[in-house]
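S.K.: With chain A held as given, fit chains B and C onto it using these hints.
These are the residues of each chain, in order.
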Amino acid sequence: MMRNNRWLFLCTVLISLVLLAACSYGNEETTTTSADSDRNSESGPKKGGKVTIPIIADPTFNPWHPNAYAESNVINRVIFSGLTQPGKDLLPMPDLATKWETSEDELEWTFHLRDDVLWHDGEKFTAEDVAYTFNEIVLNEKLGANNTSNFRLLKEVQVVDEYTVKFLLEKPVAALPAYLSLNTEIIPKHIFEGKDPWELTSFNKEQPVGTGSFKLKSYTSGQNVVLERNEDFYGDTALLDEVEYKVLADANTHVAQLLSGELSIFALEDLSAIDRIENAENVGIYARETPRFFWIIANQEEEKYQDVRVRQAILHSIDRQNIIDTVLKGYGTIADAGIAPALKEYYTDDVTRYDFDPERAKELLAEAGWKDTDGDGIVDKDGKPFTIDFKIGIQGDLEAISQMVQQYLKTAGFDVKLNAMEWNAMVQDVVVNRNYEVSLNWWRYPSDPDLSAYFHSESVKGFNIPAYKNPELDKLLDAGGQTSDVAERQKIYIEAQKLMAEELPYIFLWYPQEAQVRVDKLKGVPELAFGDALNYIHEWYIEE
Amino acid sequence: MELSSKPHYTSEIVVKPNKGKTTLLQGLRQNKVAYFSFWFLIVIHIAVFIGPFIWTINPEELQQTGALASWSFQHPFGTDDLSRDVLSRMLHGGRVTLIVGLAAMLFSLLIGTFVGACAGFFGKIVESVLMRITEAMMAIPTFFFILVALTVLGTSPLMVIVVIALAGWMEIARVVYGETLKWKQYEFVEAANASGATPIRILTKYIIPQIVPSIIVSGTLTIAAAILTESAISYLGLGIQAPTATWGNMLQNSQQYIWTAPVLGILPGAAITIVVLTYNFLGDGLRDALDPKFVKK
Amino acid sequence: MYFKSTLPLLHIQGGGDEVLKFLMNRLGQSVVLLLIVTIITFFLINLAPGGPASTMRMDASPEERQAMIEKLGLDQPIIVRYFDWITNAVQGDLGTSFTSSEPVIKRIAERLPYTIELTVFTILISVFLGILFGVLSAVKRGKAQDHVINFLSVIGLSLPAFWLGLMLILLFSITLGWLPSSGVGPRGADFDLMGWISHLILPVLILTTTVLPNIVRFTRSSMLEVISQNYIRTARAKGAKESVVLYVHALRNALIPIITIIGMLIPRLLSGAVITEAIFGWTGIGTLIIEAARGRDYPLVMGVTVVITVVVVVSNLLVDLLYSRVDPRVKNV
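Protein chains in written order, with this note's numbering: chain A, 9 to 552; chain B, 285 to 581; chain C, 2 to 334.
So here's chain A without its partners, still in its complex pose:
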């Protein structure tokens, strides 16, 4: 009897605790919103407020650090500044550099720097910082810093005077200003000089010092990073008081917190949540173009993929629009070349198109000698069936997309074995060892049409993973990469796109659109992809 009563009592206590906790959790939201609505709402940008952004892991506050991935980039872009930044039309615009010019032979670029920039610790920003960043970090091969492949042709950076630097190149690089606008921020010489830049955890993991519109207020590992407004910012002082980055490893949580008002803005990775967000009241979804394209690659070292008709047949067999609608919920445009619509100046869709046409695919395969002679549903040639060893890494939507691709290819008569590997294992196999037949992935590149790194025969050891070699394409890429004249480049790149669509060095799939989700009360965000919009975070403001 006694035991039963005690038991009852304990149960009651436990249940009441649970209810209490639940009530207070539910109340968190209501108290914050009522406080917010107290502020009177006038139209026009107002100072104040906070923006919350999710990141999936602890960041590293050093844009060049090999461990600085996406979660670090979104913070470093705000704390630090580069020489240039993406303009609202994606073309490079002044940031730390006010203007730049190039010599006749385009081997020397002179950048004139601002003279009113202070580091967050009060020191003055000078040309020495730029020289240090490039000469000691970027060009130091032993360090293995990020993003240095874009600066392969950089010989050195010279300090001309306190606010002028010269970039000396081995060959002309028309894309230099564009390269300087993406993840290539300047770090302070006076802190790093003489130290190992990757081991300096007091900077990289605790107290970074940058020149951006916000500076670090606090960082709790596994929890959040809080930035506060930099009152001494060289540009327009930010309107927001604070920016908080919450560490949330699980993508589902991002959506849940967006809907409950705890997160303000981010790029949606998992598009299956789109319907929920569309139906929500205070949140909007915005489709944004990004310089990215999804591709399938067929190893050009394998004979059967060297015939362009085979590659074309593969492309005709896949109903790309259906995959875009099913997996990407419509957020993508079919691609038949590599230059994304985001690069408005250079993009053209006047190229060979590859409709979903299984009949045409069959014809092309037959022309290339592949027919289903034994009626087993698989095309063959000289008695050998066309088997495809399809290797992909498991990340994001790649698995879902690849499964659909596999089904389409099977229907077209290919015997496809899909090998979905762990990401690291895939990189080791496909990218490092080039031990693959067919793979599927995507590239994201700086906002410049120079795609030599991915298509040029000299980049075979680098990012030209399919090992595609075409002297005609090489010529075009060289020409386009070495002149800064916009009109000329436009002509060159239109031709390049036509050639790419004909020859399919990569089997182009689509240009994905970013689904940017944002609470309605956050305003002032330019119509750019989230990553690029962060460059304008000092213009964002909250309006209830």
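Derived from the structure by calculation, the hints contain no laboratory data. Be aware that one or more of the hints could be misleading.
Residues of chain B clear of chain C, computed beta-carbon distances all greater than 12 Å [unchecked claim]:
1. N342
2. Q358
3. R379
4. L390
5. I484
6. V496
Straight-line alpha carbon distances no greater than 20 Å define the calculated DMTMM-like cross-link-like pairs of lysine to aspartate or glutamate that follow [to be verified]:
7. K370(A) / D390(A)
8. K107(C) / E214(A)
9. K72(C) / D204(A)
10. K150(A) / D76(C)
11. K58(A) / E466(A)
12. K254(A) / D193(C)
13. K531(A) / E547(A)
14. K418(A) / E474(B)
15. K72(C) / E149(A)
Ideal Cβ placement from N, Cα and C applies to all residues, glycine included.
M.R.: Okay, now just chains B and C, sitting in the frame of chain A:
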């Protein structure tokens, strides 16, 4: 555990091992839940292995009905996020899941019985070494081991089976060890030893047959554990990969669609739970049927 | 009840010297165990295809990759690397994490408390409820309560943990909005008691289901064994009240094996913590080792493995010691 000295118990099992199994089934009948579970499992296995021959839709084929379609006569369970028929995937997935469970269990059984019997029978150094290894493996938390092992060995079905087996043989080893120690002392074993039979012969002809009922019980419970482990591995993304369906990876895939199509998650989850449940009931029932104390009371 | 036959070391004869000998013996064995575990883990993780995440980026050029490999010392033969690691480890230096360039010890120290939080609460609740239900089940053996408890136990053992987690999140976080779906809750300056509890509830619940059924069933069978023993009959014959008999005598003796089962459940608890932490984004060492394995952060994987093994070994040791003190048969020899 007391050594039962009931003569009829020993003679029944020693002289005619088969009788042991029949007694098992009869004992099982007393436990209605376990009895029901036994037949239920047989039905499920038949359904899952024969089913695909009746319901012939390809589980990987993209259906015209489109993705996330609701149920219809064509697709009784609708289609999944990539427009594949869910019923077909449940059947094929069931096959894979159950085979993985069975195979992992058999493998575990092999290793565990070998280790336990050797340790119990040979004693001294062999016993020390083998039981220390067993305890060491039990000390490493399963998922830490599985995580690291699968990261290295890759996620092919064979490797998944091997890793699950390697993570679960220890229980069986302990049981077999204990039983071997017990049966080793019986007169008929000592007699065989005295008459010059080799250890292997003694083990296989005399001791192991006595242990078979316990092994069956352990085996049943191990299948249940193996199926659960497979689903947990899939949750971490390390299990058998798509497009091959398993209930575990179907469950993992359904997380994103828990809002729009909860059926995708409820079905495989319920299937796993029910199968594991029935295996557990069966195992419990078998164990109770074997327990002399239970019979006595 | 087969566990007894595998604990041959427990029959200590009482007295300080013997205890010390026992401890030294176990310590020696534990060191060997630790060594074996580290060797196995080191070779396993280094054999995994691919390398540390920083060398495995799609957008890293071959030169960058090579530079990183050399910087991290990965171009050395594997045996050399193991010896480097082990010589540092015995001096207390578990190395530097590849993915964050911070000392491994620091990263573990940051996350371990969260896992401890989770497991301690789970143990408290599981032991309390486990003993309660186990005793109830034993006392009412064969009756309705017994059957219901047994049924629920088996269901608890059969539910895939993350499915249960998913369903609970669906119910309590998404539909009802009562509880948070993930995270450890605000800490440090913003710490708030109710928030803390609300974040703990679901993870602890899930983790409990992985061990509670075992404790219940074990307590039940342990109690049943004890109830049938002679001295209970003697106590009853002496006329003590039924409940006193049950409580004091039976429970006390049944508790002994229960202590050992708790010790044996620690590895299972830590294992379950990996999944539970993954489901709820609970930033403990479970999620830490998942990240570390994925990112091939070898020093971190090794560090966490060492810590986990030490925890398990120490808890087994404590359980054995406790057992020897509590068991009257052993104590009074």
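S.K.: Of all the hints numbered above, which does this structure not satisfy? Sort the numbers upward.
M.R.: 11, 14
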